[in-house]
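Peer 1: Below, each chain spelled out in residue letters.
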Amino acid sequence: MDEKKAAILGEIPRLRRYARSLLRDRDSADDLVQDCLERALMRLDNWQTGESPRRWLFTIMHHLFIDQMRKVNRRGEAAMLPLEAGEAVAQPAEQLDGIASREIIDALQAISTDRRAALVMVAIEGFSYAEAANILGVPAGTLMSRIARGREELRGLLDDTARRRTIRIVEK
Amino acid sequence: MIRRDFSERDIHMALDGELPVDERAAYGAWLDANPEMKARSARFTADREALRAAFAGVLDEPVPASLRKVVLGEAPARFAAPRSRWWLAAAAAVLLATGGFGGYFAGIDGIGQENSAEDQLAEQAIAAHVIYAAEQRHAVEVPASDKDHLQTWLSNRVGLKLVAPDLTANGFQLVGGRLLPAGESKAAMLLYEDDKGERISLFVTAESTASSKGTYASAQDGPQAVYWLDKGYGCAVVGSLPREQLAVVAKSAYGQLLAGLAS
Numbered sequence: 014m015d016e017k018k019a020a021i022l023g024e025i026p027r028l029r030r031y032a033r034s035l036l037r038d039r040d041s042a043d044d045l046v047q048d049c050l051e052r053a054l055m056r057l058d059n060w061q062t063g064e065s066p067r068r069w070l071f072t073i074m075h076h077l078f079i080d081q082m083r084k085v086n087r088r089g090e091a092a093m094l095p096l097e098a099g100e101a102v103a104q105p106a107e108q109l110d111g112i113a114s115r116e117i118i119d120a121l122q123a124i125s126t127d128r129r130a131a132l133v134m135v136a137i138e139g140f141s142y143a144e145a146a147n148i149l150g151v152p153a154g155t156l157m158s159r160i161a162r163g164r165e166e167l168r169g170l171l172d173d174t175a176r177r178r179t180i181r182i183v184e185k
Numbered sequence: 067m068i069r070r071d072f073s074e075r076d077i078h079m080a081l082d083g084e085l086p087v088d089e090r091a092a093y094g095a096w097l098d099a100n101p102e103m104k105a106r107s108a109r110f111t112a113d114r115e116a117l118r119a120a121f122a123g124v125l126d127e128p129v130p131a132s133l134r135k136v137v138l139g140e141a142p143a144r145f146a147a148p149r150s151r152w153w154l155a156a157a158a159a160v161l162l163a164t165g166g167f168g169g170y171f172a173g174i175d176g177i178g179q180e181n182s183a184e185d186q187l188a189e190q191a192i193a194a195h196v197i198y199a200a201e202q203r204h205a206v207e208v209p210a211s212d213k214d215h216l217q218t219w220l221s222n223r224v225g226l227k228l229v230a231p232d233l234t235a236n237g238f239q240l241v242g243g244r245l246l247p248a249g250e251s252k253a254a255m256l257l258y259e260d261d262k263g264e265r266i267s268l269f270v271t272a273e274s275t276a277s278s279k280g281t282y283a284s285a286q287d288g289p290q291a292v293y294w295l296d297k298g299y300g301c302a303v304v305g306s307l308p309r310e311q312l313a314v315v316a317k318s319a320y321g322q323l324l325a326g327l328a329s
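Protein chains in written order, with our numbering: chain A, 14 to 185; chain B, 67 to 329.
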């Protein structure tokens with residue numbers, strides 16, 4: 014097996030984690046990773062020597078994700094949809110252990126796509142601001158404001174959930 | 067050491083390891099002097115730990131064989147359009163979040179504020195449009211060919227006298243309709259299509275106490291909703307038409323809906 018392929022294989026767990034945080038549903042996330050890997054292999058020649066495989070692959074996957082989200086929003090392209098809606102409605106994700114994890118995963122899904130991607134890139138995947146801005150294709154200032162707003166929004170949602178829970182307990 | 071003023075921005079930078087080393091001591095002193103900021107920093111730190119913990123398990127999962135095969139070249143490469151299935155889950159998540167979190171949605175800049183009824187209505191209408199307008203064979207539950215039944219059924223379920231507006235003058239034909247959840251109540255969705263396949267949808271609920279109107283978009287480039295809320299009902303028209311065109315169609319639809327409600 015050549016070195017490039019070995020390096021790509023080694024990044025799959027990270028790619029899966031990033032996809033899972035973007036999409037939550039495990040099968041959908043793995044589909045995104047598969048799209049990413051296929052595109053990467055078609056473009057192996059574009060991978061410049063010395064460029065980190067992680068950054069290269071994350072960039073590809075992020076573009077796929079953003080492109081598709083735009084198309085979804087524009088509706089026209091969505092005709093390519095091969096599945097019935099019912100099949101893809103998110104199932105309870107398997108990795109959910111405990112209410113805290115479920116709540117934060119739900120909250121993460123509820124914040125806007127751009128903020129979610131920026132926050133996950135830095136807070137979970139551990140990229141520096143410069144790397145994350147590069148992968149997401151935005152200026153560092155934009156990245157920072159997305160992270161800040163993403164965190165605020167996430168916290169707001171978690172507070173909201175906690176409040177609802179309190180109300181429910183009080184009502185009982 | 068040069069003292070500088072710190073701000074909330076530095077909380078994020080510190081948390082993300084982006085604060086220059088020589089500023090960290092001064093930052094720590096600033097936090098100690100500002101209990102509110104310190105509490106904020108602690109909450110963000112806890113949230114990050116929770117996020118990391120929630121997804122940590124993914125790294126330990128065995129890599130699915132299907133993904134290994136793609137890289138090792140054992141699976142036939144698909145040069146066709148990407149599988150494009152995963153994003154539907156993302157759209158569905160909007161619907162779920164709409165139900166689950168009640169008054170809080172993406173795309174709102176006023177952090178921490180409760181979303182208003184119109185935002186909720188518009189978000190639900192857009193989420194429904196994104197999912198169902200994309201469907202070819204299963205876009206509606208009851209087709210336009212069964213229009214009388216469609217109107218009776220949705221009217222009974224939603225609790226409003228619904229008449230599907232005639233939008234042929236605007237170039238749109240009724241495709242059909244479906245019943246949807248809307249918060250703790252129900253909504254009727256009516257789907258229309260023009261001869262180029264462009265679709266718009268009407269989203270009507272009987273639950274509203276506010277009274278307002280406006281337009282709403284959840285994302286850049288995304289479909290827009292033109293909505294009206296009044297005591298006892300809410301209506302949103304969603305589509306990706308140019309704004310002026312959507313406004314014209316929406317006005318026509320709304321006028322007819324109102325006339326129908328009153329009939």
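Since the hints were derived computationally from the structure, they do not count as laboratory data. Every residue, glycine too, gets a C-beta built ideally from N, C-alpha and C. Check each hint, because a few of them may be wrong.
Unchecked claim - A few chain A residues that face chain B, going by a derived Cβ cut-off under 10 Å, partial list only:
1) 43
2) 67
3) 68
4) 121
5) 137
6) 171
Peer 1: State for each hint whether it applies.
Peer 2: These are the hints, each one checked on the structure:
1. 43: This interface hint holds because 6 Å falls under the 10 Å limit.
2. 67: 13 Å, violated
3. 68: 17 Å, violated
4. 121: Hint on residue 121 (chain A): holds, closest Cβ of chain B at ~7 Å, below 10 Å.
5. 137: Holds. Min distance 6 Å.
6. 171: 7 Å, holds
Hint compliance for this structure: hints 2, 3 are not met, and every other hint is.
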